[in-house]
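Work out the full structure: start from the sequences and follow the hints.
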Amino acid sequence: MLVNRRTALKQVLVVSAGLALLPSCLRKTTPASITLKNIAVDGEGENMLALLADTLIPTTSTPGAKDVKAHLFALTMVDDCFKKDDQQKWLTGMKAFSALSEKNNGKSFGDSTPEARKTLLELLEKSKPEDGEAAYFYHATKRLIVQGYTNSEYYLTKVQVYELVPGRFYGSVPVKPAGRKTA
Amino acid sequence: MANINTGAQDRTFDAIVIGSGISGGWAAKEFTEKGLKTLVLERGRDVKHLKDYPTTNMYPWEFKHRGQIPEAIKEEAPVVSRCYAFKEDAMHFFVKDKEHPYEQDKPFDWIRGYQVGGKSLLWARQTQRWSDYDFEGPARDGFAVDWPIRYADIAPWYSYVEKFVGISGNKDGLDNLPDGEFLPAMEMTAVEKYFQGFVSKNYKDRNVIYGRCAHLSEPQPIHIEQGRVKCQKRNLCQRGCPFGGYFSSNSSTLPWAEKTGNLTLRPDAVVHSIIYDEQKGKATGVRVVDAKTKETTEYYARVIFVNAAAINSNLILLNSTSSRFPQGLGNDSGVLGKYFAFHNYRATIYADYDGFMDVTTEGRRPTSAYIPRFRNVKKQETDFLRGYAAGFDTGRRKWNSQDGVGTSLKDQLFNEEMGNWYVGSHMMGETIPKEISQLTLDKAKKDEWGMPVIHINLGYDDNDEKMIKDFHEQMTEMYTKAGFTNIRTGDSKQAPGLDIHEMGGARMGKDPKTSVLNKWNQMHDVKNVFVTDGACMTSTSTQNPSLTYMALTARAVDYAVGQMKRGDL
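From first to last, the protein sequence lines stand for chains A and B.
According to the working numbering, the first sequence is numbered sequentially starting from 65.
According to the working numbering, the second sequence is numbered sequentially starting from 861.
Hints in this document: simulated from the structure, not taken from any laboratory.
Please read all numbers here as calculations on a predicted model, not as lab measurements.
Keep in mind that a hint or two might mislead.
[What the hints assert, rightly or not] A few chain B positions that, by computed beta-carbon distances, are all more than 10 Å from chain A:
1) Lys-1142
2) Thr-1242
3) Gly-1264
[Claimed, not checked] Each computed BS3-like pair below joins lysine-lysine, with the alpha-carbon atoms no more than 30 Å apart:
4) Lys-101/A / Lys-1294/B
5) Lys-222/A / Lys-924/B
6) Lys-947/B / Lys-153/A
7) Lys-1258/B / Lys-101/A
8) Lys-924/B / Lys-153/A
9) Lys-1387/B / Lys-148/A
10) Lys-934/B / Lys-147/A
11) Lys-1294/B / Lys-1238/B
12) Lys-133/A / Lys-934/B
13) Lys-147/A / Lys-947/B
14) Lys-1306/B / Lys-966/B
15) Lys-924/B / Lys-147/A
16) Lys-148/A / Lys-934/B
17) Lys-1294/B / Lys-182/A
18) Lys-147/A / Lys-1387/B
19) Lys-148/A / Lys-1238/B
20) Lys-1238/B / Lys-133/A
21) Lys-908/B / Lys-894/B
22) Lys-894/B / Lys-182/A
23) Lys-148/A / Lys-924/B
24) Lys-101/A / Lys-934/B
25) Lys-956/B / Lys-1373/B
26) Lys-897/B / Lys-1387/B
Even glycine gets a Cβ: it sits at the ideal position worked out from N, Cα and C.
Here's what the structure looks like:
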């Protein structure tokens, strides 16, 4: 059953990355806001990543992933810490992701409604990284955005406080029921 | 070097120490305290305590890659990139592969720290004493040569260095791992204490203890006097500690030596060779190549201590040729560079534990528990020689689920979940020094300082493979009986070298025909040259070796100064 569902899901995710190329050729491109050495991502790509970050971890009463610039962290990591092959896979996946949005929503990811963006991510959430180009891109990017968010100054000072100087170690303390934090 | 044109008199000292790492720092402290004008030569740059720890107070988000090493650096430096401590916060303290090439006849990951303080900034700070079961190993089991010393020779010197260094530990009363001068131990976790009790109840000769480590858990006046204060349990030791909470040359021995007024420290000084005077029948000084200008200078002294770290100490001695010593200084025996060995760190074993679900740990701890060697300690009982010690570490699993999209994901990232306990152990195996395990010089190939490139020929043998198998079997049995579940054994297959415990090449021994150094770490053939770093080791046993280097160094300096006073040196 699971296998069939996965096969079906994979078919849904298959798009031709070439589809995404056409519109961008007709537009004037702006550079990304940070200097990239190895990957070609322009301002438009950066905006899409920012929206992706915001859809994944939205701004609520507390800052979201876009507010802490987790999308720029993701870009930096792909640019500096990915192997060449993985950088290419990620870039191809990024185009496939754009194309998937056009295919499913009839619009670019940026022009889609917040609900449509979330629906697209929820679809990809069901996939595995090996299920296709867009799926690879989604999972790699999500991992980096979560890493960027949970390692941000905001998160480590307000949510899960990082102590530079703990000054203590206790080997056995009672587990206290923690009250739920409002995200 | 500014004094290149000054007279020989200005380049003459009582003692020269080659290297400023953990053993060189001790040589410097001991000589200068005893009133000898001492020159310490360090091939790397200067690193001053507090001032030169650029990342020490950085928060995780201040690291561009959150600690990860960029791919361009990994590609350029694959060897050092395999080291566990080579991360964004400490990479400035490691040698990158390209900067200092060497030849690997078999894969060997040579991890180096070329700077004042050397690898004492980066070490894992475990400090276990040797016992006679270790010193008697080669004689009993018929490999290498007999150690010329026993525990009684070094015991007072262990105490001497431990008091100054500051060692946190428990008096465990084990004859295979003698107690030392301890500051209070840090806490063991609930699961570690449980396993400790379980093992001592179910196994006659096996123990789980708190690993003795060079951390100031409760500083004494001697530590305060060094300018060091209590360990703050930051677990960021590899960055250099602003509290001096753990021992390094930079925080302890070197500033102490400097205060005496007898220390001259010269960074960027690559020692090319030791000068031997045939008329005098002894070494008279060293040739130094300036790391930056490549200019050569000679320095002179009555006594020379070689503490360049095991491989480089061998390199310097092998490169110190003369008509008297065509095969390297003090190498009448022909064993210099041979019988090189290391610690086998390939094997790991992880598991889960579902007990103690009502408790957890709090804070951070820069050390772990330790399982002293229990195999073949008192008699031969397996089909392999010697044995292994093991690190042992546990903790409660905590994580944030990363499933989902949107506010549900965010909610999970805000609210940590707690799982069961993880249990982990890694093997520290003794390896057998063999004649074929050796360091040689490639005379045809020179580095940019004119030093011949060193060949390293070192590998695993059948004894090592059997030991890995035994570690997995014994630990699996202990884990299973203790009720640990989901047991996973691992073999990293890592190359020798990543243990950063390379030893031997200029081994100690009783007989000048089969060893390079006598029982005082003094060259049999050149009485005013001493080697007290890893190069002197006759066998490796299982303990983390730095404490032994420190004790041997202090002991050798005491002997050398005594000889100098008597006019014998």
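Okay, the hints, checked on the actual structure:
1. Lys-1142: Holds: least Cβ distance 51 Å, greater than 10 Å.
2. Thr-1242: Given a closest Cβ separation of 33 Å, the condition holds.
3. Gly-1264: 7 Å, violated
4. Lys-101/A / Lys-1294/B: 49 Å, violated
5. Lys-222/A / Lys-924/B: At roughly 20 Å apart (the allowed maximum being 30 Å), Lys-924/B and Lys-222/A satisfy the hint.
6. Lys-947/B / Lys-153/A: Holds, at about 26 Å.
7. Lys-1258/B / Lys-101/A: Distance ~36 Å between Lys-1258/B and Lys-101/A Cα, so the pair is violated.
8. Lys-924/B / Lys-153/A: Since the Cα atoms of Lys-924/B and Lys-153/A sit roughly 23 Å apart, the hinted pair holds (cutoff 30 Å).
9. Lys-1387/B / Lys-148/A: 56 Å, violated
10. Lys-934/B / Lys-147/A: Holds, at about 10 Å.
11. Lys-1294/B / Lys-1238/B: 23 Å, holds
12. Lys-133/A / Lys-934/B: 26 Å, holds
13. Lys-147/A / Lys-947/B: 17 Å, holds
14. Lys-1306/B / Lys-966/B: Cα-Cα ~20 Å, so holds.
15. Lys-924/B / Lys-147/A: 17 Å, holds
16. Lys-148/A / Lys-934/B: Holds - the C-alpha atoms of Lys-934/B and Lys-148/A are around 12 Å apart, at most 30 Å.
17. Lys-1294/B / Lys-182/A: 64 Å, violated
18. Lys-147/A / Lys-1387/B: 54 Å, violated
19. Lys-148/A / Lys-1238/B: Not OK: Lys-148/A and Lys-1238/B at ~54 Å, beyond 30 Å, violated.
20. Lys-1238/B / Lys-133/A: 61 Å, violated
21. Lys-908/B / Lys-894/B: 23 Å, holds
22. Lys-894/B / Lys-182/A: Judged against 30 Å, a Cα distance of about 74 Å means the pair is violated.
23. Lys-148/A / Lys-924/B: 19 Å, holds
24. Lys-101/A / Lys-934/B: Given pair Lys-101/A, Lys-934/B holds - Cα atoms ~16 Å apart, limit 30 Å.
25. Lys-956/B / Lys-1373/B: Distance ~38 Å between Lys-956/B and Lys-1373/B Cα, so the pair is violated.
26. Lys-897/B / Lys-1387/B: 19 Å, holds
Violated hints for the displayed structure, listed by number in ascending order: 3, 4, 7, 9, 17, 18, 19, 20, 22, 25.
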